[in-house]
Amino acid sequence: QYRGETARGNRFRITAAGAVQRSSAVPIVELDRLAARLEADDGPSTVTAPSGRYFLNEDRLQVAGPVELRSESGYTLDSQAVDIDLDTRQVRTDQPVSGQLPIGSFRANRLVGDIKGRTLVLEGDVHLRIQGGRGRPRP
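Position 27 (the sequence shown) corresponds to 27 in our numbering; numbering is contiguous.
These aren't lab readings, by the way, just hints derived from the structure by calculation.
Don't take every hint at face value.
To be verified - Quick list of the computed label-pair ranges, beta carbon to beta carbon:
1. VAL26 to PRO50: 15 to 23 Å
2. ASN109 to ALA19: 29 to 37 Å
3. VAL26 to GLU5: 16 to 24 Å
4. THR88 to PRO66: 22 to 30 Å
5. SER24 to GLN131: 47 to 55 Å
6. GLN80 to GLY117: 20 to 28 Å
7. GLY104 to ARG8: 24 to 32 Å
8. SER24 to ARG107: 38 to 46 Å
9. GLY18 to GLN131: 34 to 42 Å
10. ASN109 to THR88: 21 to 29 Å
11. SER98 to VAL26: 32 to 40 Å
The beta carbon of each residue, even a glycine, is placed where N, CA and C say it ideally should be.
Model the full assembly from the supplied sequences, consistent with the hints where possible.
Okay, here's the thing in structure tokens:
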């Protein structure tokens, strides 16, 4: 188990069945059967995957799938590979992706997301299903 805090002060925890840092000169930890949790003002986000790499100097998690990302704010993401910047809470994948938003579901060939800012950019063969009444309340 590895616990830390991002440069922005958000606590995170990464657990794995196995973790190996090949050398102290290489700040990368190879992870087997990982689970990660990032605390934030809008609630925690979790990631689970069979394997991944944690880049110590960058607060970055690179996970290989199937990858499942879940956010308490209503977001889910499923893909075969995802890069997560724990400090900025940015998510990126160049692999096909699907998931849920508070307003519906999506799938696309690629994705860039901002968990904290609650924005997603979907690219390539994008399908979005918006379900009425699930968005933000009208003023």
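Hint check results:
1. VAL26 to PRO50: 15 to 23 Å: For PRO50 against VAL26, whose Cβ atoms are near 22 Å apart, the range 15 to 23 Å holds.
2. ASN109 to ALA19: 29 to 37 Å: Taking Cβ atoms as reference, ASN109 and ALA19 lie about 31 Å apart, which means the hint holds.
3. VAL26 to GLU5: 16 to 24 Å: holds, 22 Å
4. THR88 to PRO66: 22 to 30 Å: Holds, since THR88 and PRO66 (Cβ atoms, about 24 Å apart) stay within the stated range.
5. SER24 to GLN131: 47 to 55 Å: 50 Å Cβ-Cβ, so the 47 to 55 Å window holds.
6. GLN80 to GLY117: 20 to 28 Å: Roughly 24 Å apart at Cβ, these two residues keep to the hinted range, so it holds.
7. GLY104 to ARG8: 24 to 32 Å: Distance hint for GLY104, ARG8 holds at roughly 29 Å.
8. SER24 to ARG107: 38 to 46 Å: Hint holds: Cβ distance 41 Å, inside 38 to 46 Å.
9. GLY18 to GLN131: 34 to 42 Å: holds, 40 Å
10. ASN109 to THR88: 21 to 29 Å: 23 Å Cβ-Cβ, so the 21 to 29 Å window holds.
11. SER98 to VAL26: 32 to 40 Å: This hint holds: roughly 34 Å between Cβ atoms.
This entry satisfies every hint, going by the numbered hints stated previously.
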